[in-house]
Each structure stands twice: as C-alpha cells, then as structure tokens.
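K.L.:
So the sequences go chain by chain: A and B. Using the numbering used here, count along the first sequence one by one with no gaps and you end on 299. Using the numbering used here, count along the second sequence one by one with no gaps and you end on 189.
Keep in mind the hints are simulated off the structure, nothing from the lab. All residues carry an ideal CB built from backbone N, CA and C; glycine is no exception. There may be inaccurate statements among the hints.
Restraint-style ranges between C-beta atoms, simulated for each label pair [unchecked claim]:
1) B:28 to A:124: 34 to 40 Å
2) A:199 to B:127: 34 to 40 Å
3) B:17 to A:120: 37 to 43 Å
4) B:154 to A:272: 48 to 54 Å
5) A:296 to B:122: 49 to 55 Å
6) B:146 to A:199: 51 to 57 Å
7) B:176 to A:179: 42 to 48 Å
8) B:127 to A:299: 27 to 33 Å
9) A:179 to B:179: 30 to 36 Å
10) B:20 to A:165: 14 to 20 Å
11) A:291 to B:37: 37 to 43 Å
12) A:43 to B:179: 51 to 57 Å
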Amino acid sequence: MTQDLSGTKQTGTIAVKRGLAEMLKGGVIMDVVTPEHAKIAEDSGAVAVMALERVPADIRVQGGVARMSDPDMIEGIKAVVSIPMMAKARIGHFVEAQILQALGVDYIDESEVLTPADEAHHIDKFAFTVPFVCGATNLGEALRRISEGACLIRSKGEAGTGNIVEAVRHLRSIIGDIRRITQADAAELFDWAKKLQAPLPLVQEIAETGWLQVPLFCAGGIATPADAALAMQLGAESVFVGSGIFKSSEPEKRAKAIVEATTHFRDADILAKVSRGLGEPMTGIGMDQIVTKLADRGW
Amino acid sequence: MRVGVLAVQGAFARHGVALAELGVEPRFVRTPADLVEVQALVMPGGESTAMSRLLTTSGLFDAVQERLNAGMPVFGTCAGMILLASEVLDGRADQRSFSAIDLTVRRNGYGRQVDSFEQDLTVEGLAEPFHAVFIRAPVVTRVGPQAEVLAEYEGVPVLVRQGGVTVASFHPELTEDHRLHAQFLQEVG
Numbered sequence: 001m002t003q004d005l006s007g008t009k010q011t012g013t014i015a016v017k018r019g020l021a022e023m024l025k026g027g028v029i030m031d032v033v034t035p036e037h038a039k040i041a042e043d044s045g046a047v048a049v050m051a052l053e054r055v056p057a058d059i060r061v062q063g064g065v066a067r068m069s070d071p072d073m074i075e076g077i078k079a080v081v082s083i084p085m086m087a088k089a090r091i092g093h094f095v096e097a098q099i100l101q102a103l104g105v106d107y108i109d110e111s112e113v114l115t116p117a118d119e120a121h122h123i124d125k126f127a128f129t130v131p132f133v134c135g136a137t138n139l140g141e142a143l144r145r146i147s148e149g150a151c152l153i154r155s156k157g158e159a160g161t162g163n164i165v166e167a168v169r170h171l172r173s174i175i176g177d178i179r180r181i182t183q184a185d186a187a188e189l190f191d192w193a194k195k196l197q198a199p200l201p202l203v204q205e206i207a208e209t210g211w212l213q214v215p216l217f218c219a220g221g222i223a224t225p226a227d228a229a230l231a232m233q234l235g236a237e238s239v240f241v242g243s244g245i246f247k248s249s250e251p252e253k254r255a256k257a258i259v260e261a262t263t264h265f266r267d268a269d270i271l272a273k274v275s276r277g278l279g280e281p282m283t284g285i286g287m288d289q290i291v292t293k294l295a296d297r298g299w
Numbered sequence: 001m002r003v004g005v006l007a008v009q010g011a012f013a014r015h016g017v018a019l020a021e022l023g024v025e026p027r028f029v030r031t032p033a034d035l036v037e038v039q040a041l042v043m044p045g046g047e048s049t050a051m052s053r054l055l056t057t058s059g060l061f062d063a064v065q066e067r068l069n070a071g072m073p074v075f076g077t078c079a080g081m082i083l084l085a086s087e088v089l090d091g092r093a094d095q096r097s098f099s100a101i102d103l104t105v106r107r108n109g110y111g112r113q114v115d116s117f118e119q120d121l122t123v124e125g126l127a128e129p130f131h132a133v134f135i136r137a138p139v140v141t142r143v144g145p146q147a148e149v150l151a152e153y154e155g156v157p158v159l160v161r162q163g164g165v166t167v168a169s170f171h172p173e174l175t176e177d178h179r180l181h182a183q184f185l186q187e188v189g
C-alpha cells in the first residue's frame, strides 16, 4: 500500500497497522477464554487480550480440530474490555479472518495453535484493513510472513507447554541471524536470502537497519515473571502469555507479576520482588513428552 | 539538558529515536530514580490503562505529579494525552491522570483499530502540513480557556498546548518527521 500525501484520510495502511504493534510494546497480551478472564487481564494491566475458546494447553489435551472462536464469545469479551482485542484465525483460512475483521477485532493472529486450513498458503494479509500477527521459528519464516503483509511477528515457542525452551530457541535464532546479517557484505546477502528462503529486499533492509521491519514479540511457553523478563532481555519487545496465567493457581496475582516483570525486565530487584508468593505455576510439559509440535505448522 | 521518555509501556523507543535524531540522548524513565535525572518528559502512546497501573505500582505517579506541578515541560502523545488530561471519558474507573492540561478526552473516541487512519494536518507554527497517524486515538471533547489549539481535524482539536504541556491525539513518533519533537525541545530550551 502506498502512502498518499494528498491529505485524504486513509485507513488500513501499513503505518497504522504496524503502529498499533508499536503501541503494544513493553506489554503483556493475555489469552482469555471468558469475559471473566478478560476482566482479570485488563485489571492486571494487560495491553491487549487474545480471545479464544480453549487455551493452548487444553487444545493440546483435548485434540480435535481447533477453529476460530464463536462470534458470540468474541462479542462477549469485546463488551467487557476497553483494551485492544485480538483473535485467532487458522493458517490460510482467510474467511475466518474476514469474519474476525467484520466483528471489529483489533488484530488477527494467523496462528499455528489452531489447526491449519491450508498446507501451502498463508492468508494474503494485504487484502485486509485489520492488521495481522504471525508466528515464526526463524528469520526466514518471519520474513515470509512480513512479505505476505504481517505487521507483527511473534516467536512461536511451543504453546500450551509452560516450557520456555522453544521460545528461547526461536528468539535466539531470529535475533542471532539479524545480528549476523548486519555483519554480512552485499554479496553475502544474496546467499542469506537463498538460505532463509526470504525476499532479498527484506534481507537487504535488515542489513541496513539492524532490525525486523515490524515489532518482534515472544509467545509460547511463558509461565513466570522470570520467563517474561528472559524473553525481553533476549530482545523480544513484548510477550504473549497463553496458558501460563489461567492454568496457574492464582491467575490475577501471576498476571500482575508478569506485567511488572515485562516493564522492569532488567531490574533484578523488582523481578525478585514480583516473583514471590504467586502460588503454583502451570505444571508444564517437557519437549520429549510432546506428540504434536504446534510450531512445525506454518510454511 | 536531559529529556526523559516515560518507558513503563508503549511506543517509548520510537520517541527515543526521534529525540536521538535531533541530537538529544533520551533517558528512559521506569522508576522515580530515573525521573530525578530529567528536566523534561515525553509520554508516549501505548495502553493508557496499563500505563496508569504501572505508574502507580512503580511509585512514579506521585513523583511525576510533583514534577508536573513544579512546571516540568511535557509532551504527551495519544495515551500520553489521556494521562495528562484533566478529564477522561470511557476510561477505567481506577485509571489515573495527572490533570496537567485543562482538557476532556474520550478514550478510543476515533474507534477501534479498523478505524485507525492517517491524515495530513495544518499545524500552527509549521510551514508545511504534518502527516499524522491516528491509532485507536482519543477524541478531545472539551478544551479549557487557558489551552491553545495548534491543530484540528474536522473541527476537533488534535494538538493542544497549555504552558509547558503539549498533547497530541496522534503519533508524531511513528513518522520520520520530527518537527513537533523539535518544537518541544525548543520550548524546553
């Protein structure tokens, strides 16, 4: 989309889409499945809520096809919060995305947590007024999503596990490659584009600016304030917390603590203070116990 | 001169870039100790309810209020405008504002994200139009007699100044045009 300076009002531009992601920086986006959860999230200082029918931990246990949430459920959550609301569409399911846009959702997550609807194509995100966030396990995947119009990238991690190890792997991979690209000379960038299977102009842009074209947040496995601060210190600019809050014994306390930890992510004294007395975290699962790796979905 | 950028949440990094490009190294303010070191403050866009909460838990709210009462210059954009206003409509009941400028704003008054927009504005004191980005922006519904309107969109104030307090319902930090930041720095001296 080109920027028209003629003075006429324009909606759905890259600037307003990426702009909302800028506003969410340094914050926590919380998965919620009921209006009650949504209230707790807003009360606790969430910058946005992600409305879905089942948190990833339950999707993992119950199996079956995971789809876009019921519009009634989305409306119900929209009615009780004043902060931005996100909702998930299946990978490639552009009609689910059309419905979510019609419902007035503020950001759509084209998410591997739901069962993919298309095994080759992601949604053409330029065709929408509403902005999209997509997951990525590495820089190539991130750039492919950006080339399709994603205005926010989240490292995928492994949703519903309460285990931060995959999020760390993905963040380190994405940010490590960004750092290496800034050291590459012009000729090496062609090879980088080939290796990453990503458009050359986007790779060249990263070499020049030293960062992704869009904000980079972290998702998948955050269960404690320390996990959130770890993601932030590794270079994430905000965190998504899914099962980690509402699968813990005291969601409100934990939600507030994770919000504090995300703001004061370099201040170990504050992190020590907010990490106390939070009750039991979600139990979590080791990667060797996992049958279906959600992060492998997406192409 | 040290200019701070409130960094509890939001687009603080982009304000930092704008200031740095104008030759002023920003200080990111997350605690009362950070605030002591700055002579002026920028309040960024972000989620005003989350920022209000984090300002309170960090002890910054009272510290900032004290500095504002003592005349510290401040530039607030979007959520920053909400935080500085004397009256906020459609906010949370527990949401706090500094009442640094006599202004009523309606939170998210321009609508949800699908209604977010870009628009050229004519700004008092700027020779060329300013390209403004509005994101789930607050609408000014009342301006006090002491406040000066510097720009309007469809007859509604979008850039307002009262003494050392300047507020915008849009995001000058999201474009490459730093003229409003430069104006603020000039006023700060």
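K.L.:
The structure should be examined with respect to each hint, and the outcome stated for every one.
P.N.:
Hints, verified against the model:
Between residue 28 of chain B and residue 124 of chain A the C-beta distance comes to about 38 Å, which sits within the given range of 34 to 40 Å. Distance hint check: the CB atoms of residue 199 of chain A and residue 127 of chain B are about 38 Å apart, consistent with the given range 34 to 40 Å. For the pair residue 17 of chain B and residue 120 of chain A, the beta carbons lie near 38 Å from each other, so the given range of 37 to 43 Å is met. Between residue 154 of chain B and residue 272 of chain A the C-beta distance comes to about 50 Å, which sits within the given range of 48 to 54 Å.
At roughly 53 Å, the beta carbons of residue 296 of chain A and residue 122 of chain B sit within the given window of 49 to 55 Å. Checked against the given bound of 51 to 57 Å, the beta carbons of residue 146 of chain B and residue 199 of chain A, roughly 53 Å apart, stay inside it. Remark: the range hint 42 to 48 Å for residue 176 of chain B to residue 179 of chain A is contradicted by a beta-carbon distance near 25 Å. For the hinted restraint 27 to 33 Å between residue 127 of chain B and residue 299 of chain A, the CB-CB distance of approximately 50 Å leaves it violated.
Roughly 33 Å separates the CB atoms of residue 179 of chain A and residue 179 of chain B, a value that falls within the hinted 30 to 36 Å. Between residue 20 of chain B and residue 165 of chain A the CB atoms are about 36 Å apart, so this pair departs from the stated range of 14 to 20 Å. Evaluation of the 37 to 43 Å hint for residue 291 of chain A and residue 37 of chain B yields a failure: the beta carbon distance comes to about 53 Å. A C-beta distance of roughly 39 Å is found between residue 43 of chain A and residue 179 of chain B, which places it outside the suggested range of 51 to 57 Å.
Consistency note: the structure conflicts with the earlier hints numbered 7, 8, 10, 11, 12.
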